[in-house]
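Asker: If you want the building blocks of each chain, they are given just below.
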Amino acid sequence: MNKFEELNYYEILEMPVNASSFEIRRAYRNALEVYSDHSLLTYSLFSVEERVNILKKLEDAYHTLIDRTKRTAYDASLSDKSSNTNIQQDHKLSLHGHNGRHRMDFNSDEKGPCLTAGTASETSVISQSISTETRAESSLISKNRGSQKSLHEKSLEIVDSRPTISFWGQVSSKMIVIISLFSLTLIALSAILGPLDLTGKYFLHLTQDESHLEAKAKQAKVEDADFGDRKDKVKEKPENLDDKTLIAPESISSPEDLPEVYENIATSANIRVRPTIDSRIITKIPSGEEINVVGKDGEWTMLKLDDHSIGWIHRSLIRKRPTNTDSSEIAQ
Amino acid sequence: MERSISGKLTHDHRRVYTVAGGKGGTGKSFTVANLGTILAQQGNKVLLVDLDLGASNLHTYLALGKPQISLKQYLGKEVNDINHVVLETTQPNLSIISSSGCSLEIANLYYAQKIKLIRAINKLSYDYIIIDLGSGTHFNTLDFYLISNRGILITTPEPVSIENMFRFIKSIYLRKLRAVFKDYGLNIICREYLNNAKESHIASFSDIMKFVRQYDDENNTSIENYIKDETIGLILNQFRWQVGNEFGQKITKICNKHLYFNYHFLGTISSDNKIADATMNNRVFVKEYSYAKAATEIYNIVRAITEESSKQALALPLVS
Chain P
18 MNKFEELNYY
28 EILEMPVNAS
38 SFEIRRAYRN
48 ALEVYSDHSL
58 LTYSLFSVEE
68 RVNILKKLED
78 AYHTLIDRTK
88 RTAYDASLSD
98 KSSNTNIQQD
108 HKLSLHGHNG
118 RHRMDFNSDE
128 KGPCLTAGTA
138 SETSVISQSI
148 STETRAESSL
158 ISKNRGSQKS
168 LHEKSLEIVD
178 SRPTISFWGQ
188 VSSKMIVIIS
198 LFSLTLIALS
208 AILGPLDLTG
218 KYFLHLTQDE
228 SHLEAKAKQA
238 KVEDADFGDR
248 KDKVKEKPEN
258 LDDKTLIAPE
268 SISSPEDLPE
278 VYENIATSAN
288 IRVRPTIDSR
298 IITKIPSGEE
308 INVVGKDGEW
318 TMLKLDDHSI
328 GWIHRSLIRK
338 RPTNTDSSEI
348 AQ
Chain L
3 MERSISGKLT
13 HDHRRVYTVA
23 GGKGGTGKSF
33 TVANLGTILA
43 QQGNKVLLVD
53 LDLGASNLHT
63 YLALGKPQIS
73 LKQYLGKEVN
83 DINHVVLETT
93 QPNLSIISSS
103 GCSLEIANLY
113 YAQKIKLIRA
123 INKLSYDYII
133 IDLGSGTHFN
143 TLDFYLISNR
153 GILITTPEPV
163 SIENMFRFIK
173 SIYLRKLRAV
183 FKDYGLNIIC
193 REYLNNAKES
203 HIASFSDIMK
213 FVRQYDDENN
223 TSIENYIKDE
233 TIGLILNQFR
243 WQVGNEFGQK
253 ITKICNKHLY
263 FNYHFLGTIS
273 SDNKIADATM
283 NNRVFVKEYS
293 YAKAATEIYN
303 IVRAITEESS
313 KQALALPLVS
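So the sequences go chain by chain: P and L. Start counting the first sequence at 18; every next residue gets the next number (the working numbering). Start counting the second sequence at 3; every next residue gets the next number (the working numbering).
Where hints are given, some of them may not hold.
Unchecked claim - SDA-like mimics (lysine to any residue), calculated; alpha carbons at most 25 angstroms apart, straight line:
| id | chain 1 | residue 1 | chain 2 | residue 2 |
| --- | --- | --- | --- | --- |
| 1 | L | K259 | P | K191 |
| 2 | P | K191 | P | T202 |
| 3 | P | K20 | L | F263 |
| 4 | L | K172 | P | R43 |
| 5 | L | K230 | P | L334 |
| 6 | L | K255 | P | M32 |
| 7 | P | K73 | L | E165 |
| 8 | L | K255 | P | Y60 |
| 9 | L | K259 | P | S56 |
| 10 | L | K118 | L | E165 |
| 11 | P | K20 | L | K259 |
| 12 | L | K230 | P | E316 |
| 13 | L | K259 | P | H80 |
| 14 | P | K20 | L | K118 |
| 15 | L | K259 | P | M32 |
These are computed hints drawn from the structure, not numbers from a lab.
One chain only, chain L, in its complex shape (with noise of 0.2 angstroms):
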């Protein structure tokens, strides 16, 4: 039994994962369809949430066609049950949730509808939940992703891919700050501080700290470590050698040493021709092309994420 920061305790040991990157076109939708594909070979109940709202593109990645019901149906209360909307797809034990046919109206969900879906998706019973994100930092994404305590962030070795990455990073923390700081009431005390807070100079974790033990004392240590509670995993993708073989490694630990949460590294998936290929031919990467290097490499990185949920399965919901 794991106790929220809400003080509400939660039996779920279901391992949720979101992912997202900072910016478009790094290959979540890719990695999340693939990934999935994978656990789900290999045994376990999956489901992926496709809640990259305002351009989603999930389905096409798992070569399922036009879906016919969505996260539209259910937003729109056409549908009650969230389970109604859960899409079985040609992999055994692999479901979808699509957002196909969202307009753009419902990609900036109203507060109410939020913390719906949220509670909605928290109360899904699957051994892997992955839930795709769209790029930006956006704050209904930033809530999204803060749905799980296990992200991950997938970036390309490109500055624009690098910045947009460290941004996304950046947003989370604010955002986790902002929350944790309404669940203590002190939000209206923070909010200025956090206003007044650049983004090119966030205040660092201590100063942070040394602010709130001002006002609560007594519930600081409970802060910090929800704080630090969050893990990212990073995946590499689009690898080229150009860039060096320890690329990854040697971002995570620049992450770890400057960037506020615990982060480790999961892999590369090298740049590949054949996943054009795959795409372009309606077909799932890891199916059709088992053998290349990058299905290689996505099964490794499959394997790092189950050795390190199974140290720990945590999904603490942040809107109870």
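Same shape as in the complex, but just chain P (with noise of 0.2 angstroms):
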């Protein structure tokens, strides 16, 4: 394993580069408690001045890996950094070919002190990861473009259903056309030879028929439009959520986003699958524990668990934690 000076921000945090803010608040938390005054794990490790310096560091750490902008140029030079890295070696290959070595150069002054021999290998599989990440997110993408899709199709279907309607509405109307012509026949035949009631109930008969289908019709034309509405809401305006509009978890993902943070303040909390009382609890939270918020429906609250999964705990049972996030403050 390397050594401290030559990590890069997600091997101090020890977490992987596709962390979300949630895991890297968690994992810097961590860290301060391993790195405070009173830690028994590092206790007399270090100097006060060597302590100052891996706080600082910590601290950089975080405040670039919580903030988009800075976490995405951090990563771009990382990537800029294996490459050169990878320059350089071909380069020191080429150079010491004929003697048939390959010389692991520590420290080198072009390269700052934070590159060592090693970094092209990790940030080599940092790229891999943050493509994994990439691929990732794209199959998320896809995903939820398929779970649209599905929804889509779900009004399409009742839409589609539509046509059916009229098309029985049309055989109906056809045969209503020739029943009535057929009734009145009867009729003038009942008139005449006596009163016959099959008309009567027949034409009763489908007559709800259509009127349940046309009813059936209107309902999916509100359900689509209403679909509609709810595109353009989480679409267009995500800070006008009402608590009957449900976010997918993917439309708030970073801090920018939902800049407050919640905790439970329920001694036990349950985290349950579906936002009802009654329905399975899948894990329960100490009290103080950072949330995730995703979403919300009503009285519940959508959270993302630490595995990526979806969870619901009800509202009464968490509170907003000030942004403010001084070092300080968390690690008290």
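From the two separate chains plus the hints, produce the assembled complex.
Answerer: Below you can see the structure in the form of structure tokens.
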């Protein structure tokens, strides 16, 4: 393993390159515990100066990675370093090629203190992870698209049922014409031959059927319009959410989108599969646990768990935490 | 065939482990006795060497009573061959070289005696040689520790123990640097540099290598590899759940990030009253209480050691 001064921010905080803001906060908090003055794990290991430098580096790592813009720039710089290191190594290989030696040059002046021979492989792993992340994101998007498509298809199914309705309507109307002609004939016959109530019953049955189908079609129209409205709401105005609007978890993923940090205030709060009191409990979280809120539905709040799955917690069990991420406060 | 730092070839595939801890009372001798017993039970030919010359007690953990022959005779030139001071124990395949009876004068060995002892140990032929060291960071202890590049450090989850372990690792690092510089004829140049390095702020490896490169650009890669070749297994003894189950793994990570060498966590040994019972009753713990939780944990540590050693069995002598 590389020594501290050679580690990148992800390695310092011991988290994957695709870590969420929730994971970054937690990793930072854990790291502060490890390197705090009273930690048994690092008891007497560092001088005051060394400890201050380490804590400063942790803070830099946290503030860089928690900020989306800075993080993107940092990731890019890691990739650049990787490619530069590769070029330099290639150059060295060509220089030392005759001797058959490949010298690993530690702390070369051109590269600065953070770069080592190991950085190339690390950053390649990182870039690989980034590409994996991109793949994961794209799969998520496609999954999201898939879910949207399925909703759309659902609405289409309802819409598709309308031609069916009109088809049956056409058939029934033709039949009505035929039957009404037939019934008129029968009425005429009944007037002549005596009372027959068959036509009335049959006619009534058909009208009920048709009105039911028409109601269905109207409902489908309303639902379709409603779905369209919801889509617009989600797309255009995520801040004007009412309690009934359901947000996809992917729609809020960064601290910029959701500045508030929530925490659990109950001693032990249940996280459930669905926003109902009788649904299955996925897990329990202790008091004061930070919650990664991704949406809400009525009295229930949707949150992202550590394994990126989604759970629901009752609104009364959580509260907003101030967004100030001062290191001392987190340490406390 | 491996090439030692001195350039001499060794064809030594024994597994030599030196067990230290910095602080006294962390359970070094207890662990060595029980690890050796289990390895011998598994059919390995095992030798335990007690190099805690000032406070020898390994024989007591093996329920041997006071040994009649020990290193005292070898160092006092009463016996010429070190094999003659090897004692068999009640456990088949398990032998011991005790240092019982060594006086304080012997504890502070002369340089020639130390070299003689290290060379003699390096010539012994066993599957496993486990060397029990004393506490502290005396240069003799450090040199005995560096007999092998596979060390085991035993600590307890207490501030004093952790502090002494870190100090021991830093001392090993400086001692190893001194040795390697001496090997490369850089001793005089580096002595002042290392002497000026404060213990609270020992120069980082990168700084040292930068310094070395000024004088010896050709050999810096092999020096670097020699320093990095040191592997240390950590055992957390007298473990109590209050410190958290992951304590051992966490401290291993800290060492890997900040302290020069390669570390791996071998396991924990829980605090257990039966250990005290076994010692009081003059019994070998893993034989007497093989069902106890701590015994199971020692078995797991043995498994970790054998798995690790099967990957790479090296025993490079520091002094040739």
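Asker: For each hint, tell me whether it holds in the structure or not.
Answerer: Hints, verified against the model:
no. : hint             : verdict
1   : K259/L to K191/P : 85 angstroms, violated
2   : K191/P to T202/P : 16 angstroms, holds
3   : K20/P to F263/L  : 9 angstroms, holds
4   : K172/L to R43/P  : 31 angstroms, violated
5   : K230/L to L334/P : 52 angstroms, violated
6   : K255/L to M32/P  : 14 angstroms, holds
7   : K73/P to E165/L  : 23 angstroms, holds
8   : K255/L to Y60/P  : 14 angstroms, holds
9   : K259/L to S56/P  : 16 angstroms, holds
10  : K118/L to E165/L : 32 angstroms, violated
11  : K20/P to K259/L  : 4 angstroms, holds
12  : K230/L to E316/P : 58 angstroms, violated
13  : K259/L to H80/P  : 21 angstroms, holds
14  : K20/P to K118/L  : 36 angstroms, violated
15  : K259/L to M32/P  : 15 angstroms, holds
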